[in-house]
Amino acid sequence: MGEVLVVDTGVANIASMLAALRRAGSEPRLTTRPREVADADALVLPGVGAYRAGMEALRRSELIAPLRDRLAEGRPTLAVCLGLQFLCEGSEEADGVEGLGIVEGYAERFDASVRVPQLGWNHLRPAAGSRLLADGYAYFANSYRLRTAPEGWGVAQADYSGPFIAAMERGDVLACQFHPELSGRFGRELIARWLKRPAQGGASC
Amino acid sequence: MLTIRIIPCLDVRHGRVVKGVRFAGLRDEGNPAELAAAYELQGADELALLDVAATPEGRGTQLETVRAVREQLSIPLTVGGGVRVIDDAGALLEAGADKVSVNSAAVRRPDLIDEMATRFGSQCTVIAVDAARTPAGDYEVVTDSGRVRTGIDAVEWSREAASRGAGELLLTSWDRDGTRQGYELELLTRVSCSVPVPVIASGGADSPEHLIEAVQAGADAVLAASIFHRGDYEVGGIKQVMAASGVEVRP
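Chains as they are written, first to last, in the working numbering: chain A, 25 to 229; chain B, 2 to 252.
Hint data in this document are derived by calculation from the structure and do not stem from the laboratory.
Source: prediction; values computed, not measured.
The C-beta atom is built at its ideal place from N, Cα and C for all residues, glycine as well.
There's no promise every hint is true.
Coverage of chain A stretches by chain B, computed from C-beta distances (three or more under 8 Å per stretch; other residues unrestricted) [to be verified]:
no., stretch
1, 39 to 45
2, 94 to 103
3, 145 to 151
4, 154 to 165
Pairwise CB distance ranges (calculated) [what the hints assert, rightly or not]:
no., chain 1, residue 1, chain 2, residue 2, range
5, A, A62, B, T119, 27 to 33 Å
6, A, G195, B, Q182, 16 to 22 Å
7, B, T119, A, A89, 27 to 33 Å
8, B, M2, A, T55, 34 to 40 Å
9, A, R171, B, E95, 43 to 49 Å
10, B, M2, A, R59, 42 to 48 Å
11, A, G34, B, T135, 44 to 50 Å
12, B, E157, A, E86, 45 to 51 Å
13, B, G237, A, A89, 25 to 31 Å
14, B, R160, A, T56, 47 to 53 Å
Far from chain B, some chain A residues (derived; all Cβ distances over 10 Å) [stated by the list, open to error]:
no., residue
15, E27
16, P52
17, R57
18, R59
19, A81
20, E113
21, G114
22, G195
23, H203
24, S207
25, G208
26, L219
Here chain B stands alone, though its shape is the one from the complex (with noise of 0.2 Å):
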């Protein structure tokens, strides 16, 4: 059977990863290419690379980053972050991303998601879906880094991105993201239920207990940043616990 992946995400900015990363023994911690292969060593089973701040004029600076994680890493690797039109997503893949990971461009034109799928295949096309609470307890999609809010319920837009051809769902929630209060489990098993596609649950970790909730509420793979960053744990380490609690894991 398939394994649960956990995928350590780093958060880069022009070239840099921010975020604060703390590992014993580097050099620069904030060179990617470094911190990539440093997780391969602890047994990250993916690495999830974010352009917290990609535009237009940083394209370049982001496909030498990729490039030069790409050179390290033998494991897969999903980029996400200003990609707009598929050509954006093209020079990525090019570059050594083996997924790509769109947001707000696929929500403003779904078909985005069937060109991708088409031409790259579901296998490299993620859509990372940002979902906030609302008032009535529902979730909706928000996008723009969670400066719009845009109403469409995110279950609904989950169904629809899967059926234009996604191959996996990065479903983070905007109430957790950096607030180490665990996933937001309701909204991963409504999602999880609701796909036909593996979901990758993102926003809030902060312990090994979390991760193993995560996969309980029907996660097919948790990405987590600062709980590996901060150096609390290792990827090994997390593993074991979820291991001893029965969450198959590769050894």
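Excised from the complex, chain A in its bound form (with noise of 0.2 Å):
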């Protein structure tokens, strides 16, 4: 895969995916156009930024059919952080605003038992059979998060004030609640696999 789209919901600071891309060998391009987010080979939902605000984008775009259609056939899609949260039914953070509904469930705040934002490197274990994800360590930085498992989708979970989903896997399709983009080796070998490209050797072999 060389080219790869990156959903640009105009609410998220990418410069990091981008870059995180380019090491990886790809050439990332930002669109906003339906058609490409349809046909795209590998298309990037990234999400940093408020749910409301990045669904909203969404929609106005025209996005959120063909985010769909890809999502429900499989096809190599990598969502991040909030674009996990997006694939749910809505979230906590956002009362009365629509997810895609990819997945059941909604996405809920951490309680007031830990620091919140969880900011930081925390432990993923994926579940056995796991395709692309694997054991590592991860960095996080949410408020929000999915608690159970959706049905028919390969899971990895971590811990923080309980279990909670950090990542899910469907097909080709990848949702981290982490960033992979900022997880050093980890998130590097993993975007690799999901692009099915050997890793690009960087900083921190």
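Assemble the dimeric complex from its two separately framed chains, guided by the hints.
As structure tokens, then:
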């Protein structure tokens, strides 16, 4: 896969993602075109920012339907952080805002027994038989998370005031609550597996 | 569980790292991008880039530095220095910062915190609290690189910053910074007990033991500059010492 399209929701700061994709040997390009989102060989749905603003941006650009289709068909799509939460029915963060509804469940805020946002490296434990997900440490920056494993998806869990869904995969769809683009070598190798490319040499091999 | 983060800090001026950094095998010791990559290789969990001389005129250079570091770095990058208005923060995020740290401008106009949290999210919004001990034994906020003593209580201000949407506090002891006497532990404990967000300890670290003390006092992350730059310790070696004393670190 040479070209990778990155959905430009306008609310995410995506320089880190673009740099990570370049380091992985691909050529990232931003898009908001429904046709391109539908047809892309590889698509990244990044997510930094707010749930409501992000979903509204997707709706305004008419990307809901093409995203739902490619996610349902299991075509190569990488959803990150808020991007994972977009796959849910909604989030406690934005009452009444409908998510893409690809998986059942709502993102909920961490409880007050831990520091929120969760900022830092947490340990991922993938279920047996994971194809893309591996055991290791990844960098998280989130206040909300999905707690229950959606049916039909392979998940990796991490623990922060109880287990939560750190990542999930189905077909060539990979959704990460953490930031693979900020997760050092672990993230680099994961992105390479998703791109089906050998990991490139980098700073911390 | 979350591991404790070790954050080397590069002090940058006009695109060059200052505060003498010693690394073997680097052609250019003052190049921020090369040093950033070297720290990632050592096992740093995150990197901070503070532009100690950021001015409106120097903004372009600062953004170039951030871009260059971003191309190299696959761990989180916090950038601070000279952020006055929300568009300064936006430009830094666009250039490749993952979090932006603000100090004086937020003290002068606290609404800036709410605006940043709304527009970019709390996880991008770091408030740098520089605190100095008062004769009464409390801590007051200082701004403008220590030149202005505000009289504002540092614990109160930390609480307000978090409630306005700061996702993290970078807490520097003005009395300890550069002294190599260890972090100001009482300040750390007071602030970390008062806020629901993560707290980064900064100012005074000179040994792995200092970092461990900070964690025991309530820090979620420890930032240090000269301890790493002098080359006495590598991040990985410090992590081994910390792990041996029961601190959870990323292997």
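Results of checking the hints against the structure:
{"no.": "1", "hint": "39 to 45", "verdict": "holds (count 4)"}
{"no.": "2", "hint": "94 to 103", "verdict": "violated (count 0)"}
{"no.": "3", "hint": "145 to 151", "verdict": "holds (count 3)"}
{"no.": "4", "hint": "154 to 165", "verdict": "holds (count 4)"}
{"no.": "5", "hint": "A62(A) - T119(B): 27 to 33 Å", "verdict": "holds, 32 Å"}
{"no.": "6", "hint": "G195(A) - Q182(B): 16 to 22 Å", "verdict": "violated, 56 Å"}
{"no.": "7", "hint": "T119(B) - A89(A): 27 to 33 Å", "verdict": "holds, 29 Å"}
{"no.": "8", "hint": "M2(B) - T55(A): 34 to 40 Å", "verdict": "holds, 38 Å"}
{"no.": "9", "hint": "R171(A) - E95(B): 43 to 49 Å", "verdict": "violated, 33 Å"}
{"no.": "10", "hint": "M2(B) - R59(A): 42 to 48 Å", "verdict": "holds, 44 Å"}
{"no.": "11", "hint": "G34(A) - T135(B): 44 to 50 Å", "verdict": "holds, 45 Å"}
{"no.": "12", "hint": "E157(B) - E86(A): 45 to 51 Å", "verdict": "holds, 48 Å"}
{"no.": "13", "hint": "G237(B) - A89(A): 25 to 31 Å", "verdict": "violated, 48 Å"}
{"no.": "14", "hint": "R160(B) - T56(A): 47 to 53 Å", "verdict": "violated, 40 Å"}
{"no.": "15", "hint": "E27", "verdict": "holds, 19 Å"}
{"no.": "16", "hint": "P52", "verdict": "holds, 13 Å"}
{"no.": "17", "hint": "R57", "verdict": "holds, 21 Å"}
{"no.": "18", "hint": "R59", "verdict": "holds, 26 Å"}
{"no.": "19", "hint": "A81", "verdict": "holds, 13 Å"}
{"no.": "20", "hint": "E113", "verdict": "holds, 21 Å"}
{"no.": "21", "hint": "G114", "verdict": "holds, 18 Å"}
{"no.": "22", "hint": "G195", "verdict": "holds, 26 Å"}
{"no.": "23", "hint": "H203", "verdict": "violated, 8 Å"}
{"no.": "24", "hint": "S207", "verdict": "violated, 7 Å"}
{"no.": "25", "hint": "G208", "verdict": "violated, 5 Å"}
{"no.": "26", "hint": "L219", "verdict": "holds, 15 Å"}
Of the numbered hints listed earlier, those contradicted by the structure are 2, 6, 9, 13, 14, 23, 24, 25.
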